Amino acid sequence: MTSLVPHLVNGLTLGLLFALIALGFTLIVGVMEVINLAHGSLFTLGAYLALSTIGAGWFAGTPFGIWWLELPMASRYFIGLALGPVLAGIAGMLLELCLRPTYGKAPLYGLLLTFGAAIVVEEAIRLIWGTGERNMPVPQMISGAFLMGGLIFSTYKFYAAGFAIVAILMVWLFLERTPYGAIIKAGAHDSEMVRALGYDLARLRLIVFGFGSALAGIAGMVMAPIWGLRPHLGIDVVIPAFLIIVIGGVGSFWGAVAAAILVGMATGITGAYAPAWSLMSMYILLIAIVGFRARGLLGRRSALEN
Amino acid sequence: MITLSDIPARGGTPFTLPMGLFAAVLATAPFWLQWVGLYQYLGVEIAIWILFAMGFNLLFGYTGLHSFGHGAYLGIGAYGFGLFQKSVEVSLWGGLLAAILAATVAGAIVGAFLSHRRGIYYALLTIGFGQVFWFTAMKLHWLTGGEDGLLNIPRPDLVIGSWRISLNDNTAFYWFVAVITAVAVLLMWRVVNAPVGRILQAIRQNETRARFVGYDVWRWKWLAFTVSAAFAGLAGGLFAMAQQSAYPDVMSLHQSGVIVMMVLVGGGLVSFWGPVLGVVLYFIARDVLGGLTEAWLLWYGLIFVIMVMVRPEGLAGLLHTTAQRTAPPAAVPATKPEAV
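Protein chains in written order, with numbering that gives the first Met the number 0: chain D, 0 to 305; chain L, 0 to 339.
Since the hints were made in silico from the structure, they are not lab data. From a predicted model like this one, the values you see are computed outputs, not experimental measurements. Keep in mind that the hints are not guaranteed to be accurate.
Pair ranges (Cβ atoms, derived) [what the hints assert, rightly or not]:
id: 1; chain 1: L; residue 1: W141; chain 2: D; residue 2: L7; range: 36 to 42 Å
id: 2; chain 1: D; residue 1: A73; chain 2: L; residue 2: W298; range: 46 to 52 Å
id: 3; chain 1: L; residue 1: L291; chain 2: D; residue 2: E69; range: 41 to 47 Å
id: 4; chain 1: L; residue 1: K85; chain 2: D; residue 2: P136; range: 34 to 40 Å
id: 5; chain 1: D; residue 1: P100; chain 2: L; residue 2: L139; range: 30 to 36 Å
id: 6; chain 1: D; residue 1: G197; chain 2: L; residue 2: E293; range: 47 to 53 Å
id: 7; chain 1: D; residue 1: G227; chain 2: L; residue 2: L291; range: 28 to 34 Å
Stretch by stretch, here's where chain L covers chain D in the computed footprint (C-beta under 8 Å, at least three residues) [said to hold, decoys possible]:
id: 8; region: 102-113
id: 9; region: 236-246
id: 10; region: 265-274
From the three backbone atoms N, C-alpha and C, an ideal C-beta is built for every residue, glycine too.
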């Protein structure tokens, strides 16, 4: 059994990271009923922007850039961790403005528009940062590896999993314990009523989309050191994200988290026996669950079904 | 917004203006392609993708079932053709039959899973299945050759009686592909204008109502998916001949999304001929924009995004409204059937 332990730990950390990726996605699906296929591209964009922040980016060579690069790595890293997601959030807000003509039409149009946007963002990344694979630097204190019970674990993965737990709890607290979270949830439940109560629905959607995209950017920044950074990373990311949403049930917060951990564990355990096929397990899981229970684990009825 | 159902029933006579135009362009392409600065192989590619896109539109536009994993069936057709040449015998018709059969079987199985679903769940499951096929093609090295795919697939000669025509030359191959595409398009025209086509459109407009009228909706949805997978398989077989290889890249979500983009940009949601416009525009954009800039997909993606925003009915819808606007008001009802 001991040989299975690292795979289970790996599966659990992977599951938490999947949950982090799916967090912004589920928020947008839940409130706006838009399947945001550009989620993965915003994820990648956030990571690239953070990368440029850490490496001085366009200011390299200027006095400001030189001064910037003399700062300690850790502080540059954490500023990147803040700035990348904020910029990704702004990109997400722009996307929301483009989405406005599709509201009230079949959900297909939102799906198509975000697919087009995903291609645009991906190509723009290719144009700006080049096609090659890039490495995200990590500060000393969270890199390296440590021994536990005779097994080697990567410190960074633990940091990332811990970060995921904190982020999940923060988002949950925001949704459950703040007035703004209540409005967002009400918007997901009955947008007409929210409008009737005098809230600005357009602004609510803009903020939710921006917030969801910023979460994608954070996930990108955290995942980049593990998965590497390449322009077409988006498609590898958006697929697990939506699989998780569908398995967990569209619009269900804890359903998504549970599904993410389920998918992570399934991937981890398959990885123990058939590493080449480990990614396949999530598709099998999707078909097995959705084939028999259309709304996923904890889903409720939504407009997307029609 | 206009829809496909604005096309009136007319007993399925294929002798309409767009059909004539389509046939004329298809039949004369080799004579002027080089003259306008393009090349023969592009004609082959466009004809194959027209076949694929129109088969896809039976499902997407007519039945209103949004598949985002259709590249998988094109890929399965390509592998079916290639494996038949490699492990059974080198035969043109055998290979194409194997391609159609493989894709039909795959489509029938997947369709059985899908047909209870509707809306976005349908789309999501098609993505899931598409990814399963793509992933399997990547990983089953002994069968599919992994990421590189099957290489050096022969293009068998076309044998009619005592005639033996080599298809290795792209012009000869173009004629072969064009004839198959034309026959398939005629077949599809028959299908959508027959009562079957009306049932499929009824399902798109309102599935519940179609069920109440007494149609076995599950069976028709399954049939639409299977038939459309069969056409994809045929296109895949031709694609394997064209490329002389079969590889998993065409099965990826990206490629499956691109076919949706082509159909939508062309106006597959409003016109039988929409996919043709979409495919031609895509390949011209790829070659013309691609010659100007590395990032042609960026511009194509932007055009697509703007199109979804302002004119989701696509090019065909644009032509339709322009025709309506320029025609004298009294003539509108009369010209409407002919417009798209």
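Here is what the structure says about each hint:
1. The beta-carbon spacing between L:W141 and D:L7, approximately 31 Å, falls outside the hinted interval of 36 to 42 Å.
2. The beta-carbon spacing between D:A73 and L:W298, approximately 40 Å, falls outside the hinted interval of 46 to 52 Å.
3. Hint check: L:L291 to D:E69, Cβ distance near 42 Å, so the stated range 41 to 47 Å holds.
4. The supplied range of 34 to 40 Å is broken by L:K85 and D:P136, whose beta-carbon atoms lie about 48 Å from each other.
5. Evaluation of the 30 to 36 Å hint for D:P100 and L:L139 yields a failure: the beta carbon distance comes to about 43 Å.
6. About 50 Å separates the C-beta atoms of D:G197 and L:E293, a value consistent with the hinted range of 47 to 53 Å.
7. In this structure the hint that D:G227 and L:L291 lie 28 to 34 Å apart at CB holds, the actual value being about 31 Å.
8. Residues of the region 102-113 of chain D with a Cβ under 8 Å from some Cβ of chain L number 7, which satisfies the need for three, so the listed coverage holds.
9. Counting residues of the region 236-246 of chain D whose CB lies closer than 8 Å to any CB of chain L gives 4, which reaches the minimum of 3, so the coverage claim holds.
10. Beta-carbon proximity to chain L at under 8 Å applies to 0 residues in the region 265-274 of chain D; the threshold of 3 is not reached and the given coverage is violated.
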